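Chains as they are written, first to last, in the numbering used here: chain A, 1 to 1005; chain B, 1 to 202.
Careful, some of the hints might be misleading.
Said to hold, decoys possible - As a list, the in silico BS3-like pairs of lysine-lysine whose alpha-carbon atoms are at most 30 Å apart:
#1 158(B) to 489(A)
#2 170(B) to 640(A)
#3 158(B) to 683(A)
#4 491(A) to 100(B)
#5 269(A) to 158(B)
#6 269(A) to 412(A)
#7 280(A) to 158(B)
Hints were generated in silico from the structure; no laboratory data involved.
Note that this is a predicted model, so its numbers are computed, not measured.
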Amino acid sequence: MPARFRLTQGGLIDRSKPVSFQFNGKVYLGFEGDTLASALIANGVHLVGRSFKYHRPRGIMSAGAEEANALIQVGEGARSDPNLRATQIELVDGLVASSQNCWPSVEFDVSIVNNFASRLLPSGFYYKTFMWPASFWMTYESAIRKAAGLGKAPEGPDPDSYDKTFAHCDVLVVGAGPSGLTAALSAGRAGARVILAEQDNALGGDLLSEADAEIQGQPALEWVEGARAELEGLENVRILTRTQCYGYFDHNFIGLMQNLTDHLPQNAKPASLPRHRLWKLRAKQVLLATGAIERPLVFSDNDRPGIMLASACRTYVNRYGVKPGKKAVIFTNNDGAYAAALDLHKAGIHVAAIVDLRSDPEGPMTEQAREAGLRILGNHAVIATAGDKRVKAVLVAPLSEDGEKVYGGGEKIDCDLVAVSGGWNPTVHLHSQSRGKIVFDDDYACFVPGTPAQESVTAGACSGNFGLGACLTQGHDAGIATAAKTGFKAKGRKRAPPKAEDRNFLPARWMWLVPGDKPLGHGGKHFVDVQNDVTAADLHLALREGYRSIEHVKRYTTTGMGTDQGKTSNVNAIGIVAGHFGCPIPNVGVTTFRPPYTPVTFGVFAGRDVGDLLDPVRKTPMHALHEHAGAAFEDVGQWKRPWYFPIAGEDMHQAVNREVKACRDSLGVMDASTLGKIDIQGKDAAEFLNRIYTNAWSQLKVGACRYGLMLGEDGMVMDDGVTSRLGENHFLMTTTTGNAAPVLGHLEEYLQTEWPELEVYLTSVTEQFATISLAGPNARNLLAELTDIDLSAEAFPFMTLREGTAAGIPARVFRISFTGDLSYEINVPASYGAALWQTVMTAGEKYGITPYGTEAMHVLRAEKGFIIVGQETDGSVTPFDLGMDWIVSKKKDFVGRRSLFRADMSKDDRKQLVGLLTDVPEQVLPEGAQLVEKVEDKPPMKMLGHVTSSYHSPNVGRSIAMALIKGGRARMGSKLYAPLADGKVVTCTVTGVVFYDKEGERTRG
Amino acid sequence: MVEAYLRQSPLSQLALPSRIAAEHGNTGVTMAERQFRRIVNLRGNPKSEEFTKAVKSVLGADPPLMPNSVNTGKDITLLWLGPDEWWIITDADTAPVADKLREALAGQHAVVTDVGEGYTCIAASGASAADTLAKGCTLDFHDSVFAPGSCAQSDMAKAVVVFHRLEADKPSFEIYVRSSFAEYLWRWIENAAEEYGVAVTQ
């Protein structure tokens, strides 16, 4: 059974495909092709929400993106979107939608008391009331948020997938109405790469709402169909429907959101298809054909359900085949709205009266209405409306000559629909976002695009050309012109634009505020912005209080804010302000249009960069083997490094202790592939290193390695590592894992900008090699089994490198050590890393070979007092602070030297690196703990520094720690205290930083 | 030389060979790993005739001088990476050229570095290959801008890559990526291609 308000025929809906949906818990039926709004109206549902401030009943007031009332929550649970416009929600089987901003229900909302107390809620109410006492804001805030929120956030992580893409084109056409279609056709025919973006699911724009329009002598929609077919046949044209161009940014960068699956029932959505797609588009030329939006009239109690834009009534009748009411009153100031009266009349809806503000109504549509015998009340105004959850009647009275007043008590006309038209506003939002100027057009009383600021043009109603014929011509010409600008000249004989009747909505009488029978603000509300509940009285109050700039008036009253960004309210507000001042509208100016044009789903900005694709997980060639061994991983930059390798039943502490012991007692092995490696070649390579590192490099022998420290220009430690001389003019630098890329950037910067005369080339070879580090007394014994290199201490001393093979694989072996034990680092081509690891593990079994992770490495190096850049340093630590004076050359210049030798840098009370031993050997200081000389009852206490590294050391048999302490080296042997957050105080003694094998015999052995 | 079977490619953990489909009729994108390519990074001064002559004598092809252009010789591909930087790409079976180049360039300010072990190559081709790559890269992959037979360095998703567009009937791209990022990038591209249909090929 068709719904009560469904016309028996007509409309672009598919009556063979009924669609079931739920609204506020009730089940309704609509048809495929409906929007939620049209299906609700077909079922007689007009009350769809409550207003923001006063919680007044509100109905559907438009049929498009401009909808300010019917903001709907769609979906449930995790799949839920707030603030969708019922007028843009395509009806889909199983849709669950509900009203927002009402409690407990839209039919009965307790906050309606705000309406009766509205005298207490003037403009700027929040500013005025909640400003003092300032400390109470936190209390107010939660109550205000609860009362004022628009919609609900989803209840769980978004289960849908989203996509984003970059895109490029020669010509972007925004809007596929008559001007957009002819523009896309002519630009596409010329061969330009065209993207045609349309927010609707169908092409045609306003033509979809027209009953009788004709183009080139054929029904307009047939012409649209032909245009679509031709565009689809052009390889260089891409049509994006359901795609909102929401933002126009610098350099012709455009944001579009495409809706791919919302119109499909849940079980029919292809799993591979993302829900929405973000297009980050660069267009050489932008052609805006965004049309126009009808403007409401501001009259008393103009917000009741059943009061809607006249053009929306046409859309509901012609496109959706529904009756927006049974008995209509048209209220207009222009000829255009008579088309709505005629369409309603033709659809069998009783048109009780056309109330026209114009003193002598005339114009082509007016004449047609007269011929149709409709009742026209010229020089009349609607001065009041009645009805609670639906308009029931209007009060109509004649206007005074100047239009400032009305005469008499008025005539009451019963109705359930008021179709309103106050003229049209070109949709200049995108033009304005692009920083294009907006100018006021006196004839049409609207803002039209002025000079563009970027490579863009406007065409059709968007540029103030309201006739269909003019739209087609202007789009056609603009398409040719923009394509030519991108290098595509139209080929062959010049085509004429398609022809159509050229009629606009004039003549009109402009009246920004329709007088009522009572003074403004005394009974009856003249709503300017229905979404934010801003009335004409609110605007007047703001002006009386001294606000002058329209931008200030906007913020103070909140007019034009919120999700609709004032699509229907801005120009009326400006008109009312101008009226109050008695100045021309251009003097008031216009507020800034901001993106997004309509709200954008958060998900598209994340796209597929979520979950395990959020960020790259960098893996070494041996990663899978570590996983297999049950390693726990640690993030180091984007790398996953084995943290420790627990065996059955071990916790981290036990595993690390075992690994640390194994490296001192027998043999440990670690994957060191992540360390940065930079190949440095050229005849000035040694000189380059001299300038980069604090120590000297010229004398380093080929085949030898040296530890180096590099500083930033501020003299602070930036990175460290071992660099080896592979040949006279060839070095291999290692960097810390996390700093590999920044160090290469640092080196390239100096090479390219400061010392271009140096003949040096840098190449990153971090990933060319897999690196396996053997550590422990049995390292030599194991390696001897696998290599052809002479490993004797004489032939292969500490801090040298040799080339040969390891397990038959070509290898470079470095005898260097970060553990302080006998150690070799084996570098092989990366693809052999896994094979070598497995060989080492198998051959090492007899030595109880123990893979160790980053945590054990940290303990081992701390036992030896080796620093970690980023742990012992934080960008404010010099080599002197670290007690590493020995590595700073006094003879040569290097990056950071000038800063390093400023007087302040040698002060005795700088924080210096020292060792700490707790009085209780089992106690392990927390890293980051603050140290004081004197413990007070409570903070603040005078802090001397903090713990940088702290571990239990199984080899030393107690806890060890390092700390940066003011004047630390002068405090050797003195006591310091670490007051912890839980109230406990740890006592410790300042010592040197080397805790194990102070002579370094193990390393060199 | 060591046994080749000991080598593992960066994508070996994805077991791609087991996923090669016999039929991939209408898929918009096909993907494959081109593993173990040799890549030699060449630096030098292209304005020096001595340099370009030496390079040509070994490779049989000039280093391309137009930005983002590609030259090919017998079993060899040269990519322009910068005003003084090129990649020389050969298959695993082609004899290494690095040592010969070093010899020919001895005494010049030119550097030859093997970097192929640090990369793998992901091939993506098909009607929707360009749309797929556009999701992760700001470059314009259209024929008129990124012509077959050209190359470019850029980001793909959050990995640094070198694109090489092959001269082929259908859009075909090779994407060189550092080994440690390879799994991430493969899964990212495969995920991005899903809506067009994606298959693994030889």
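Original post:
Going back to the hint list, which numbers does this structure go against?
Top reply: 1, 2, 3, 4 and 6
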